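Residue numbers (this note's numbering), protein chains in the order written: chain A, 48 to 476; chain B, 246 to 411; chain C, 19 to 341.
Hints listed in this document are in silico derivations from the structure and should not be mistaken for laboratory results.
The structure presented is a predicted model; accordingly, all values stated were derived computationally and were not measured.
Some hints could be false.
To be verified - Pairs of lysine-lysine residues, derived as BS3-like cross-links and limited to a Cα-Cα distance of at most 25 Å, are as follows:
#1 Lys-229/C to Lys-170/C
#2 Lys-170/C to Lys-375/B
#3 Lys-131/C to Lys-229/C
#4 Lys-160/C to Lys-290/C
#5 Lys-131/C to Lys-341/A
#6 Lys-255/A to Lys-341/A
#7 Lys-399/A to Lys-266/C
#8 Lys-131/C to Lys-320/C
#9 Lys-164/C to Lys-375/B
#10 Lys-375/B to Lys-131/C
#11 Lys-160/C to Lys-375/B
#12 Lys-160/C to Lys-399/A
#13 Lys-48/C to Lys-341/A
Said to hold, decoys possible - Far from chain C, by Cβ distances over 10 Å, these chain B residues were calculated:
#14 Phe-276
#15 Phe-290
#16 Glu-303
#17 Gln-370
#18 Ile-371
#19 Ala-378
Backbone N, C-alpha and C fix where the C-beta goes; we use that ideal spot for every residue, glycine too.
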Amino acid sequence: MGISMLFAFLGLMVMGVPLFISLLSTSLLGIIMLGDFSLLRVMSQQFFGGMDVFSLMAIPFFILAGILMNRSGLTDRLLDFSRLLVGSVRGGLGYVNVVGGIILAGVNGSAAADASALGSILIPPMVKDGFSPSYAAGLTAGSALIGPIIPPSIFMIIYATMTNTSIGGLFAAGILPGLLLGGAFMGMNYVYSHRYQVPVADFTEVRKRKKEILVRSLVALFAPVIIIGGIVTGIVTPTESGALAVGYCIAAGVFYTRKLTLGVLAESFYETVRLSSSIFLIMGAATVIGWLLKWEQVPQRFASIILQAGLVERPWLLMVVLSAIIFPVGMFMEEVSTLALLTPIFAPIAMKAGIDPFHFGVVMTLNVTIALITPPMGACNYIVAAVGRVKLSDVFLRIWPFIGVALLVLLAIISFPPLTTLLPRMLDL
Amino acid sequence: MDEARHPENKGSRLERLISGLERFSAWTACFFLVVNVGDILLGIFCRYVLRSSIVWTEEVARFSLVWMVMMGALGAAVKGDHMVIDFVVPRFPAALRRLVEWGRFFLAAGILSLMIWLGTVNAVQIWHMKTLALNIPKTIPLLSLPVGFGFLLIGTIFLHFRKGEE
Amino acid sequence: SEAAREVKMSYNGPADAENNAVHLFAENFKKFVEEGTKGEVTVRLFPDSQLGNEEERMELLSKQGMNQPIINVASFAGVAPVFPEIYASAIPFMFNNYEAAHFFFDNSRFWNKSKEEFHKRTGAYLLEAVEEGGFLAFTNNKKEIKSPEDFKGLKFRGMDEGQIILYKSFGASGTPVPWTELYMALKTGVVDGQMNPAMYIKMGSLQEVQKYLTLANIQYSDQFLVVNGDFLDSLTPEQKTAVIEAGKKANALNREAMADQDKKDINYLVEKGMIAYSPTPAEMDAFREAGQPAYVEWLKSKAGEDWLNLALECARNANEKAK
Ligand code: NA
Ligand code: NA
Numbered sequence: 048m049g050i051s052m053l054f055a056f057l058g059l060m061v062m063g064v065p066l067f068i069s070l071l072s073t074s075l076l077g078i079i080m081l082g083d084f085s086l087l088r089v090m091s092q093q094f095f096g097g098m099d100v101f102s103l104m105a106i107p108f109f110i111l112a113g114i115l116m117n118r119s120g121l122t123d124r125l126l127d128f129s130r131l132l133v134g135s136v137r138g139g140l141g142y143v144n145v146v147g148g149i150i151l152a153g154v155n156g157s158a159a160a161d162a163s164a165l166g167s168i169l170i171p172p173m174v175k176d177g178f179s180p181s182y183a184a185g186l187t188a189g190s191a192l193i194g195p196i197i198p199p200s201i202f203m204i205i206y207a208t209m210t211n212t213s214i215g216g217l218f219a220a221g222i223l224p225g226l227l228l229g230g231a232f233m234g235m236n237y238v239y240s241h242r243y244q245v246p247v248a249d250f251t252e253v254r255k256r257k258k259e260i261l262v263r264s265l266v267a268l269f270a271p272v273i274i275i276g277g278i279v280t281g282i283v284t285p286t287e288s289g290a291l292a293v294g295y296c297i298a299a300g301v302f303y304t305r306k307l308t309l310g311v312l313a314e315s316f317y318e319t320v321r322l323s324s325s326i327f328l329i330m331g332a333a334t335v336i337g338w339l340l341k342w343e344q345v346p347q348r349f350a351s352i353i354l355q356a357g358l359v360e361r362p363w364l365l366m367v368v369l370s371a372i373i374f375p376v377g378m379f380m381e382e383v384s385t386l387a388l389l390t391p392i393f394a395p396i397a398m399k400a401g402i403d404p405f406h407f408g409v410v411m412t413l414n415v416t417i418a419l420i421t422p423p424m425g426a427c428n429y430i431v432a433a434v435g436r437v438k439l440s441d442v443f444l445r446i447w448p449f450i451g452v453a454l455l456v457l458l459a460i461i462s463f464p465p466l467t468t469l470l471p472r473m474l475d476l
Numbered sequence: 246m247d248e249a250r251h252p253e254n255k256g257s258r259l260e261r262l263i264s265g266l267e268r269f270s271a272w273t274a275c276f277f278l279v280v281n282v283g284d285i286l287l288g289i290f291c292r293y294v295l296r297s298s299i300v301w302t303e304e305v306a307r308f309s310l311v312w313m314v315m316m317g318a319l320g321a322a323v324k325g326d327h328m329v330i331d332f333v334v335p336r337f338p339a340a341l342r343r344l345v346e347w348g349r350f351f352l353a354a355g356i357l358s359l360m361i362w363l364g365t366v367n368a369v370q371i372w373h374m375k376t377l378a379l380n381i382p383k384t385i386p387l388l389s390l391p392v393g394f395g396f397l398l399i400g401t402i403f404l405h406f407r408k409g410e411e
Numbered sequence: 019s020e021a022a023r024e025v026k027m028s029y030n031g032p033a034d035a036e037n038n039a040v041h042l043f044a045e046n047f048k049k050f051v052e053e054g055t056k057g058e059v060t061v062r063l064f065p066d067s068q069l070g071n072e073e074e075r076m077e078l079l080s081k082q083g084m085n086q087p088i089i090n091v092a093s094f095a096g097v098a099p100v101f102p103e104i105y106a107s108a109i110p111f112m113f114n115n116y117e118a119a120h121f122f123f124d125n126s127r128f129w130n131k132s133k134e135e136f137h138k139r140t141g142a143y144l145l146e147a148v149e150e151g152g153f154l155a156f157t158n159n160k161k162e163i164k165s166p167e168d169f170k171g172l173k174f175r176g177m178d179e180g181q182i183i184l185y186k187s188f189g190a191s192g193t194p195v196p197w198t199e200l201y202m203a204l205k206t207g208v209v210d211g212q213m214n215p216a217m218y219i220k221m222g223s224l225q226e227v228q229k230y231l232t233l234a235n236i237q238y239s240d241q242f243l244v245v246n247g248d249f250l251d252s253l254t255p256e257q258k259t260a261v262i263e264a265g266k267k268a269n270a271l272n273r274e275a276m277a278d279q280d281k282k283d284i285n286y287l288v289e290k291g292m293i294a295y296s297p298t299p300a301e302m303d304a305f306r307e308a309g310q311p312a313y314v315e316w317l318k319s320k321a322g323e324d325w326l327n328l329a330l331e332c333a334r335n336a337n338e339k340a341k
């Protein structure tokens, strides 16, 4: 049953059927194959159940906070700040791109928001500075990957909710890996800018405005402080920190930068509603399939294969093998569905192998995040190609070194569990 | 919400119907988002400032979320935000493409109708069940499913025939 | 004879008999059913709420729902939506000891009436109140609690309106905090205390952030073995008896294991530095007098006065019998 459902799903997806309809059709097929129509009502029951979860509440908040940061002009200020921080060296704008990605990651829950903000602001000046357009686009897509690893993170919320892991703990576990990912892309930028002799950026203008930029960016820097600080100290729950961030961005945008008019606010809310809806409908539909697979004990059968292969005794190899399964799936499948479908199958095996839940949560999340830049299905590639005015085929060709670097970081994280477990343990999360 | 996005608005009846329907669902969904944010902020306020909590904030948050999501589904369809792989079919020859488009339309309409029916049965059968904190029938959150899918179904039909007109 | 029938059994918590008493029950139940029916009925276990949350599983099993041939171990959150009168069996300070609770859930008029009413409403059979983790105890990190007066001014974690009402009637306040956030909330002082069986206090490492433990037998913790009606009716009389007996035998084993476990867990908490206190009978009466009336008043809207009175009367009898 599992196999024919998989093929039906892939077929429908390729034919351009919206993903949540593809998923629901696949469930219907599964029920027809079981021949038990009394199970039909499970479709609406589990669809509702998949969305009706309190901890998922944080998702729209972090989407909205990201949109408000961009529209209120706070993102511009953050990027000015990172220009000041790392701009005046060879390939300076490349570093600005990555550092900007790291700071923005502290507010944005998804990579898409980062990719569009970084790309539209930084790709044009990078090209003017002598970077090749496809490299600039690729680096932007890479920087955007930091978004779902450094908290807040929609992927982590979904994973934690499905496995009953503490969201705050998983968030803390992502901080070091996110910084490592940023470091790796900066290293890559160093090599690129020296090999191709990208000129040293001229930042005399920026340095003249040093004080002004510092003062202006303070308000913007406070948003990631609220989110990460609130969660890490345990003063507020992740969901509450999202609502606080929304409240803060609205206040800053209305009273301080004065860019948030009623119209802009309404637009931002509507965009949030639409993006959340597209994510939650997939969550609901994937929950139905997940239920049917459990009813037929498909995850248990998969687990027993892994068990027989002796992988449970070798956690390192297990994580490499599971990553090797996610990679091709992630090439062709959208990320939320990948996560929602594979988590219930993979997480119990990882727990059986004695892998720390935070460690495995980060590994799983990073795998799915990398899928954002693997062709042909990869949201970040489309976004950077569009905002950077680069041909999609060029992005597809030049993205592979960035995928390679991200995979190396993944391997490092698989091999050194303390990278993920250290912070949550220190913070008692 | 913004008509500027449809500059070629020919003022046809179909077009007006779609935008009217979209505007209604958009405002409803945004209303639920505002309730949602406000509810969580109220929870924080009560805990830290009033030093006590309200039992119903968690339920209000969950129920306004599902209503927001379901009412936002139509807008996401009109604005093309639902996740779709859209680079394969456009390369098909015209006749095959038309066939696939009709197939997709019937599949979507069928699945949505099924979900509306199942969602209604679920919501109605559970009328006697009360939620723990608010003590309202569980039917109220559950109705979001058939209502939201209902809007989406009507929208899907309109959008399909608008495409046909073009 | 017919081919073996397989039945799915769903419940909460991990497939780990050491840390999940419901799994221990499920394992024994499966064994006894398969032995008792000579393999004609086999049970397949679905731990970790794999078939849905409490409400969803009850819908799956009841006649008005999807009427699937399954067995379910439901907590109060699963039974209450269809049979809120079950709350009458969880009035605080109802039972003086385990024996009283066992008598109540084996033989009392309340329990027999509950079974009938539950069957009438859902078509399903309520078979056992599965003992799950000992009595709930209070913990806090402010002061030793010996009587209701000691609660004045403290902030407690209250997971439902009932718990909050109980704290209020003692002069404390109640705040809902999810289990995953509880440790931090106790550590940072968002709340001062909470109530749980010793097993859960240990599981959540709450002894690291809580100093005082008051063993006030607040509530007996149990979940409910529920079987789809059409499934049980479709069995032969012998098979049906075997299934019912299997529930009884497995529950007896759980009661034995829990009595042991609860003692061990309390000792563990004391070893780790908690100060445990068992109230005297007079102090228990004080808790009962201060805590029960407001709680029972609140329950009236859910469980109805008749059911509440019957439950209290049966509990009094059970306490007498268990003296
Ligand atoms: Na982030
Ligand atoms: Na991909």
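query: Any of the earlier hints contradicted here, and which numbers?
result: Hints 2, 3, 5, 6, 7, 9, 11, 12, 16, 17, 18 and 19 are the ones this structure does not satisfy, whereas the remaining hints hold.
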